[in-house]
Amino acid sequence: MKGLTRQQWEELLTAFTGIPEGLPPPDAEEQVPFIEEYLRAGAPELPGAFHASYLLLNVLSLLMKGRPFSRLDPGHREDLLNRLLSSRNPLPRGVATILALPVLTSYYRRPEVASPLGFDSRALKEEAALRVVSRDRSLPPRDDPAEEAGG
Amino acid sequence: MIIPSRDVREDLRRAVDVAIIGSGAGGGPLARELASAGHSVLVVEEGAHFTREDFNLKPAEAYMRMYRDAGQTVTMGLPFILLPLGKTVGGTTTVNSGTALRMFPPVLKKWRMTHGLDELTEEELNLIYGHLEEYLFVKRADPEVAGKVATTFLSGAEKLGLSCGWLPRNAKECEGFGSCVFGCPSGSKQSVDVTFIPDALSFGADVYTCCRAERIEVKGGRAVGISCQFLDEATGKPSGRRLEVEARAVVLAAGAICTPYLLLRQGLANSSGQVGKNLAIHPATQAVALFDEVLGPPRGIPQACYVDEFQGEGIMLEGGTVPPEIHALSLPFAGRRSAELMVKYPNMGMFGGMVSESASCGAVKDTGRRGYRPTIFYLLRGEDVAKAKAAVVLMAEIWFAAGAHRVFTTIAGHYELTGARDLRRLERSRVRVSDFYGMSAYHPLGTCRMGGDPQWSVVKHTCETWDVEGLYICDGSVLPSSPGVNPQLTIMAMAMRCAGFIDERLSAGKPGAGENAPRPEDVAGEPQGD
Ligand SMILES: Cc1cc2nc3c(=O)[nH]c(=O)nc-3n(C[C@H](O)[C@H](O)[C@H](O)COP(=O)(O)OP(=O)(O)OC[C@H]3O[C@@H](n4cnc5c(N)ncnc54)[C@H](O)[C@@H]3O)c2cc1C
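Each protein sequence line maps, in turn, to chains A and B.
Per the working numbering, the very first residue in the first sequence carries number 1; after that it's consecutive.
Per the working numbering, the very first residue in the second sequence carries number 1; after that it's consecutive.
The set of hints was computed from the structure by calculation and includes no laboratory data.
Errors might be hidden in some of the hints.
[As the list claims (entries may be wrong)] Computed cross-link-like contacts, DMTMM-like style, restricted to lysine to aspartate or glutamate with a CA-CA straight-line distance of at most 25 Å:
| # | chain 1 | residue 1 | chain 2 | residue 2 |
| --- | --- | --- | --- | --- |
| 1 | B | LYS237 | A | GLU37 |
| 2 | B | LYS237 | A | GLU45 |
| 3 | B | LYS109 | B | ASP308 |
| 4 | A | LYS125 | B | GLU144 |
| 5 | B | LYS277 | A | GLU45 |
| 6 | B | LYS172 | A | GLU126 |
| 7 | B | LYS365 | B | GLU214 |
| 8 | B | LYS139 | A | ASP136 |
| 9 | B | LYS344 | A | ASP27 |
| 10 | B | LYS365 | A | GLU45 |
| 11 | A | LYS125 | B | GLU175 |
| 12 | A | LYS125 | B | GLU53 |
| 13 | A | LYS125 | B | ASP54 |
| 14 | B | LYS109 | B | GLU122 |
| 15 | B | LYS219 | B | ASP366 |
| 16 | B | LYS344 | A | GLU112 |
| 17 | B | LYS365 | B | ASP384 |
| 18 | B | LYS139 | B | GLU122 |
| 19 | B | LYS460 | B | GLU119 |
| 20 | B | LYS237 | A | GLU36 |
| 21 | A | LYS125 | B | GLU233 |
| 22 | B | LYS148 | A | ASP120 |
| 23 | B | LYS344 | A | ASP79 |
| 24 | B | LYS172 | A | ASP120 |
| 25 | B | LYS172 | A | GLU127 |
[What the hints assert, rightly or not] Quick list of simulated restraints, FRET-style, between CB atoms:
| # | chain 1 | residue 1 | chain 2 | residue 2 | range |
| --- | --- | --- | --- | --- | --- |
| 26 | B | LEU127 | A | PRO44 | 41 to 51 Å |
| 27 | A | ASP120 | B | LEU127 | 36 to 46 Å |
| 28 | B | GLY382 | A | GLY48 | 30 to 40 Å |
[Unchecked claim] Not everything, but these chain A residues come out facing chain B in the computed CB check (under 8 Å):
| # | residue |
| --- | --- |
| 29 | GLU21 |
| 30 | GLY22 |
| 31 | SER87 |
| 32 | LEU101 |
The structure displayed is predicted, hence computed values, not measured ones.
Where is the CB? At the ideal position from N, CA and C, for every residue including glycine.
Excised from the complex, chain B in its bound form (with noise of 0.2 Å):
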């Protein structure tokens, strides 16, 4: 059942095989396998739970109750990039755009090669792959329902000769509310918190909702458990009650910022130093344009469609269109200039491009007097510059094949583009890392990655750490880089492998089959439960 923290009216121990820490890409398919494997399963979730009555189509109000720090997270470089993260039941899942990728078939050659992961085949993920799309429902989004800017951007793609068609997603008879990211009103995006959550409890597993994990405990090289602190719903302050798990295996399943926050809190698993280096973020950028004809956002599928034309060369264009209140401060511009434009805005398309093969990277850290509160470092470098640039460059040449008259760019000295000069100009011009203006990023990865060499990695292909038996960790964080496309279903399907190795080893009764734990029934201090 899920738990939340205000029906926990006193400190808790419980005893259970698997403790996993998040409940998102990673952890909701972990608890779901693990529990149907006759396992014992305990999820504790920072977030809060919702359910489809809770998403009401308002943008800051989401933000505010589902991402960590009201989605105003950002990285410390140049420039500063907002990157959203997901806190609620479902992780980022519950909050993201529903694009279900498999990953870019090079990467996987080059995390085999250059990481030492020979384990991981692609027969093996594809296998893998073709389980999830059944089980989340994964179609190409409908035409019919994705709304006119989706099918104007693929219009003009299509004039320009380029490679470019709908996304798969995994949503069950969407009608498109343009709400993704803010949680699906109509019970249509098959995310995290209403698939393997559900079928997690099903099987018997509990999820502590607003519960922090906050230490990992091990004894002689092994992790027994978890302790953790229940949070104030409201606040976000903890309650003043604590939950202490005892398990036969722990899964850190917090997110590619928060996992490796935890590890460094405590100097764990960093006998190779690694943890929370190697961060990747997938920089995005965009480009509005300005038409003739009502498009109608945000109705429709916010990102319904894609240009692949140079994934070869590290740019993926993925679309996105937002309600007015994000909108605006996508257009650099105040007072009368802002709002002769946004009353403008039916007739406004937005497109997003990313840089989805990037030589920046970043590093998780524990700069200490934040609260309970990592701080991301991340610089783009000249590379990246120029491949934002080109995605923008690219993106604005398809709108105006689409017929739009204006173009709104995000760099600055280049804001709004009329026509062929101006697009001209921006593509001889020498774009700074500094000009970029509003720059974000969706997808953090890489900062306790994989592979087959101690010194150079944190987890095994079995998603174990080297350090700690016991201890895996499976999300985002795992993957040795970025795998060229959305990573949600490249995560779920890394869970679903370590869930196979857990549930070997404890059904080996390895280690120890429960000899310090004691068994659920034993303890004392249950919840109200709802």
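This is chain A alone, in the form it adopts within the complex (with noise of 0.2 Å):
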């Protein structure tokens, strides 16, 4: 993706998920796609709006750790998020919220991290499509409103 290297990438991925115990850990090659996929099916702004929030984390992170973020190491990137994210200023948290909207989403809704939680969408599927739902109702004709529907 234009603007964020491979490796920028594998961090702001791990920073946000960390490492579910149990579960695979975050994949740049899977993701990232999605994630570009994600943000050009939404409001125009939205592609600028995750990379000026990727500037201004970068910004934040020398205010308030003194280094960029990618110079941050894996504990303090973590805890600079969670810092944004507590914020009571909505802008710093703001910052945090837009970038893990599409990162949390390409990595919870891989089929290898959604199964074990219990969310297996392909078995739900295959059960659903065994069901039959009849539909045997038609509303009462317009010209008698208070006759009963049904039949």
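Each chain sits in its own coordinate frame; assemble them with the hints.
If you want it as structure tokens, here you go:
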């Protein structure tokens, strides 16, 4: 993706997601193309807002931690994001939230992540497809609104 | 029949009795009613058509295909509020939670007294509600299917002695696949795409999909048709093909955000200056709880139960579990903190609370330069901030009463509550509007309000605009204020009512009984159709 190097992506994905126990680690190869598609599908301002947020993240990182985001160690990156998310000031919180939205979605939508958490969309889809729900109802004719619907 | 834009290979011209813009809770019932009364009906829908085979329980994909701007529509103002809007055949009903409630009776009194809507009577509305409930198989959520999140929350509410219960839903034989808002994969939810629209088609209506109405044609103060643009299904960009429709009546049912936008762009029907104003949205917040035992979300009915103890004060609690990829966003944490909690997703429950009677209001504007896209402004006022906080406190109390050992809120400074002490601290604290993380809203209403006075309202009680004869508006925008509950049933009821007035007008041969409009069979450029 324009603007972020692969390494920057990996840092961002891991800083937001962490590595949940028993689940696969974040995977930039798989997640970044989805993030690009997701941002493109939104309002035209969204890709710009995402990149502006990444820039602002670096500015806030400099101000709050004395180094740009990429130069922080992983623990400090997480710490910074948690401080931004819990800020009562909506601007830093907004920066972290805009970045979190596609990053977290791109991770937890992966079947190998969602399934162990109990959400196996494929199995549910197969089960749902077996159901037959019929419709056998109509509305009363327009000229007789008092007549009961049914049948 | 349904005619997707990909089957349209040339510019089309059609002439019909009624052209309807939008196929949701307003447009769908109108199409069905008017087609069944023998009128030729054409519906244009900006979104594409999907069936249950397409509903694959993949939330992000559903957002990208069936929601406007991939479900990321937000209001400008403090706080930013996510306002997802459906864009598909069936409108937002295809992706809604299936709660089917009649309006809160005191609100109707208010509409009659303060909006001059004497013609709207409780008896008439109840009769229509009754028919709709029958047609849509409305019944209370089945506790056996609802899932453990819902039963646990209700047990907490009952312990506290709060008024609560199972929500009425337009679902038949629901087995709780937990995916209502991404399209019902089992065909249980009786949304407009599987009810009114198929019925309208069987009565001869045509639905053009990926087709955006851009202009309402007006001659001599009377609506005579619409101009539309076909869109490429994959990109959403204009395909280069157009549809021109001549009609004896035009109905704008594009929803409370897009309807005023279309009118504002054209400077139409706005002598009152009220088009786009008075936006009500039911701002909502949530509380997530962590239990020792497994609750097993999102299996079950995501929105199965309610607590209406404080409905009179404008607070309604309604449940909502979501799949992991959405759940992760509701926890305002990053890194290890987020990971530690997310692995406990199976032990978590989520519930939602909305400000159902609100003092805040917003506006839809045409700010230009955003493509074909309205800008939405909304400012949450002090008393509503207090109500939103009260909703969070109430949900947390209920979760603790149900046995939760931690509750996560979206109020900065109070993200994690570990018990009564934290709860009291939240209760005592002064919460500011900017403290809310991730607010959302699902019910835009009121932007072309109905009323008895053309100076203060956009449409008459019949849904016809005061300014343009033969132009009707029939969707969430005409409700003069929030109905106090989830609005789909009330919007449908208004549509059924409106269909009666249009039918009467058309059947009486007024206006003009097709004097300008060629009959459908006269026109060239028929689609290839599927
Ligand atoms: C996630 C979610 C859950 C919800 N759950 C519930 C619930 O449980 N119960 C309830 O009562 N309500 C619920 N709602 C709200 C409810 O679904 C809506 O209030 C209702 O569908 C609005 O009806 P409408 O006719 O105003 O608009 P919509 O149903 O949104 O229909 C408008 C249609 O017009 C189309 N359109 C817009 N502009 C144009 C144009 N220019 N040309 C052609 N087509 C156009 C749109 O694509 C859309 O399909 C929910 C909403 C959401 C987002």
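Against the structure, the hints come out as follows:
no., hint, verdict
1, B/LYS237 <-> A/GLU37, "holds, 16 Å"
2, B/LYS237 <-> A/GLU45, "holds, 16 Å"
3, B/LYS109 <-> B/ASP308, "holds, 19 Å"
4, A/LYS125 <-> B/GLU144, "holds, 20 Å"
5, B/LYS277 <-> A/GLU45, "holds, 24 Å"
6, B/LYS172 <-> A/GLU126, "holds, 19 Å"
7, B/LYS365 <-> B/GLU214, "holds, 16 Å"
8, B/LYS139 <-> A/ASP136, "holds, 16 Å"
9, B/LYS344 <-> A/ASP27, "holds, 21 Å"
10, B/LYS365 <-> A/GLU45, "holds, 17 Å"
11, A/LYS125 <-> B/GLU175, "holds, 12 Å"
12, A/LYS125 <-> B/GLU53, "holds, 9 Å"
13, A/LYS125 <-> B/ASP54, "holds, 10 Å"
14, B/LYS109 <-> B/GLU122, "holds, 9 Å"
15, B/LYS219 <-> B/ASP366, "holds, 24 Å"
16, B/LYS344 <-> A/GLU112, "holds, 16 Å"
17, B/LYS365 <-> B/ASP384, "holds, 23 Å"
18, B/LYS139 <-> B/GLU122, "holds, 21 Å"
19, B/LYS460 <-> B/GLU119, "holds, 10 Å"
20, B/LYS237 <-> A/GLU36, "holds, 18 Å"
21, A/LYS125 <-> B/GLU233, "holds, 24 Å"
22, B/LYS148 <-> A/ASP120, "holds, 18 Å"
23, B/LYS344 <-> A/ASP79, "holds, 21 Å"
24, B/LYS172 <-> A/ASP120, "holds, 23 Å"
25, B/LYS172 <-> A/GLU127, "holds, 16 Å"
26, B/LEU127 <-> A/PRO44: 41 to 51 Å, "holds, 46 Å"
27, A/ASP120 <-> B/LEU127: 36 to 46 Å, "holds, 45 Å"
28, B/GLY382 <-> A/GLY48: 30 to 40 Å, "holds, 32 Å"
29, GLU21, "holds, 5 Å"
30, GLY22, "holds, 6 Å"
31, SER87, "holds, 7 Å"
32, LEU101, "holds, 6 Å"
This entry satisfies every hint, going by the numbered hints stated previously.
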